[in-house]
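If you read the protein sequences in the order shown, they are chains A and B. With the numbering used here, the residue at position 121 of the first sequence is 121, and numbering never jumps. With the numbering used here, the residue at position 156 of the second sequence is 1156, and numbering never jumps.
Simulated from the structure, these hints should not be mistaken for laboratory data. Any given hint could be a false lead.
Unchecked claim - Quick look at which bits of chain B chain A covers, simulated, 3 or more residues with Cβ under 8 Å:
id, segment
1, 1145-1156
2, 1219-1226
3, 1264-1278
What the hints assert, rightly or not - Pulled a few chain B residues facing chain A out of the computed Cβ check, cut under 7 Å:
id, residue
4, 1159
5, 1188
6, 1190
7, 1191
8, 1192
9, 1261
10, 1299
11, 1300
12, 1303
13, 1306
14, 1307
15, 1308
From the three backbone atoms N, C-alpha and C, an ideal C-beta is built for every residue, glycine too.
2 protein chains.
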Amino acid sequence: MRQCSDAQVIIHEVGPRDGLQAVAEVYPTQGKLEWIRAEVDAGVKLIQVGSFVPPKLLPQMADSRQVVQESKKIEGLTISALVPNQKGAENALDAGADVLSFVLSASEEHNQRNVRCTIAESLERFSKIIELRNSEPRFRDVILSGGISTAFGCTVAGQVQESQVLGIVEKYLSLGADRINVADTVGFANPAQVKRVFTNVLSLTGPGIQVGAHFHDTRGLGLSNAFAAYEAGVREFDGCLGGLGGCPYAPGATGNVVTEDMVFMFESMGLNTGVNFEKLMKARDIMAQHLTNEPIHGTLARAGLPKDFEQRPSYV
Amino acid sequence: MRQCSDAQVIIHEVGPRDGLQAVAEVYPTQGKLEWIRAEVDAGVKLIQVGSFVPPKLLPQMADSRQVVQESKKIEGLTISALVPNQKGAENALDAGADVLSFVLSASEEHNQRNVRCTIAESLERFSKIIELRNSEPRFRDVILSGGISTAFGCTVAGQVQESQVLGIVEKYLSLGADRINVADTVGFANPAQVKRVFTNVLSLTGPGIQVGAHFHDTRGLGLSNAFAAYEAGVREFDGCLGGLGGCPYAPGATGNVVTEDMVFMFESMGLNTGVNFEKLMKARDIMAQHLTNEPIHGTLARAGLPKDFEQRPSYV
Chain A
1 MRQCSDAQVI IHEVGPRDGL QAVAEVYPTQ GKLEWIRAEV DAGVKLIQVG
51 SFVPPKLLPQ MADSRQVVQE SKKIEGLTIS ALVPNQKGAE NALDAGADVL
101 SFVLSASEEH NQRNVRCTIA ESLERFSKII ELRNSEPRFR DVILSGGIST
151 AFGCTVAGQV QESQVLGIVE KYLSLGADRI NVADTVGFAN PAQVKRVFTN
201 VLSLTGPGIQ VGAHFHDTRG LGLSNAFAAY EAGVREFDGC LGGLGGCPYA
251 PGATGNVVTE DMVFMFESMG LNTGVNFEKL MKARDIMAQH LTNEPIHGTL
301 ARAGLPKDFE QRPSYV
Chain B
1001 MRQCSDAQVI IHEVGPRDGL QAVAEVYPTQ GKLEWIRAEV DAGVKLIQVG
1051 SFVPPKLLPQ MADSRQVVQE SKKIEGLTIS ALVPNQKGAE NALDAGADVL
1101 SFVLSASEEH NQRNVRCTIA ESLERFSKII ELRNSEPRFR DVILSGGIST
1151 AFGCTVAGQV QESQVLGIVE KYLSLGADRI NVADTVGFAN PAQVKRVFTN
1201 VLSLTGPGIQ VGAHFHDTRG LGLSNAFAAY EAGVREFDGC LGGLGGCPYA
1251 PGATGNVVTE DMVFMFESMG LNTGVNFEKL MKARDIMAQH LTNEPIHGTL
1301 ARAGLPKDFE QRPSYV
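Start from the sequences and build out the full structure, keeping to the hints where you can.
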């Protein structure tokens, strides 16, 4: 995985997972791979390619094993995969994922609906996954990320206490999580809250643990929240090409932050995402060609780059 | 005009001017007044109701005198009006505007296209307007705002130097401007630049001069930029209900920041805008009823308020 300095920002594309999981029409496996290849070619090197959930629950993700296996052939790609439990983790490890993104919700109610257990049980599952990873030398380099959904509010429970989020971060760290991802799953977060929460999360994790941020643009604040998290010190951001996505258990939570708009924001701030805009727009077209009924979002695609915008020469 | 504390943010609705000036179909005068009344009722107390430009150039603004005069009857409203020159200022003062928003561009090229003179000539015009205001006791309380368009980049000239913007602010202050408004007319700004520019602008103006920020959402960064300006210390923000607008001389510069989404951002941050969401949504409907071919933007209108969102009791 790329390391980042202060001038770098890592984009974690989650479209093939979070974007597609909200799409009813099953997206072809080869189409997912074309999308992933095109985005890696554009410079997005960390991609969540699938979710190891029961195929009956999410037919869209039934090919995740195959997608991970095929993605292994793509040079320079770090493959992340979502896992909600031990079974999913076993499958993801076996398929060859580089990063396992474990997920639980800060809201008990949402956790029950999403993964059908309590938060304590989810943490127990995570602990088992850590053991599993540690038990086999071939899994030694696999990164285990502790994710916290609905960290800024919940469509079921309403407000979520910050102390609840920080408590889960502490638990994750004590269990041995390599990374933390804090998510506004349903688009409730505001930038002041985001800056406060991530400042506190980063004070718990310290410099050794990468902290990622995941925002939805449900109420237009996705990029404001990304900027606020950046201000707090976050350097890894989830996004989805074309702003696909949502949460099947969170009505109204439409759309991840648009990857290309977020890349534009950070690059225009003088930061280095490693992404080439022209190629990213091609990847967007490739992604869209297999979607017939989905709205594809994004303002950059409509407006284009500003006049005299300085694309970093190394990526042109 | 309302004064603001650290916990307050002033929303300056510019839709009846900046929004409508991009709309070809002439909006009825009574419709403008209904819109303005509805928005004042929702708690937006500072509204730019028109523009005193030659009617031949902007037929949409030909009724600005009448709109200002009728708006005088709306209790609690502070009426601002855009003026590009002395003639416009005379008419706006005579009609009874409370705030004259003078406009020039940080880019010479844009200034030529927009107001057909050099920046130095624009500043000379502003100086004459100050004299005019000071010359008559009945104009004593009129506030003269010095606006700087294309302060963050220009569709014609490309990049705009920060020193250019700061130089114009200094000029405005030396001429006696009561307020400063810095605008990303064409949607080129990024939040890092915005925070830096406004920090420097505010260090020039000091506490006695209100500084306003004006953003477009052309590339999705409107609210991020508003948050960045807030972080720098700005407490007054231009917005447009439904995100109408653009600039007739800046192709692609579509859409002001959506007022209702910006109100949501600031209120969700715990700040006080004085605005009631339900009534603001009614004002949005009233605004939209006279527009047949215009896209009405905004994510809050689509997604609604988050569960358990705390609307300030005093405004419910």
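We went through each hint and held it up to the structure:
1. 1145-1156: Since 4 is at least three, the answer is holds.
2. 1219-1226: holds (count 6)
3. 1264-1278: Coverage by chain A holds for the segment 1264-1278 of chain B (5 residues, Cβ < 8 Å).
4. 1159: 5 Å, holds
5. 1188: 4 Å, holds
6. 1190: 4 Å, holds
7. 1191: 5 Å, holds
8. 1192: With Cβ-Cβ at 4 Å, under 7 Å, it holds.
9. 1261: 4 Å, holds
10. 1299: 4 Å, holds
11. 1300: 5 Å, holds
12. 1303: Where the cut-off is 7 Å and the nearest Cβ of chain A is about 5 Å from residue 1303 of chain B, the hint holds.
13. 1306: 4 Å, holds
14. 1307: 4 Å, holds
15. 1308: Holds. Min distance 3 Å.
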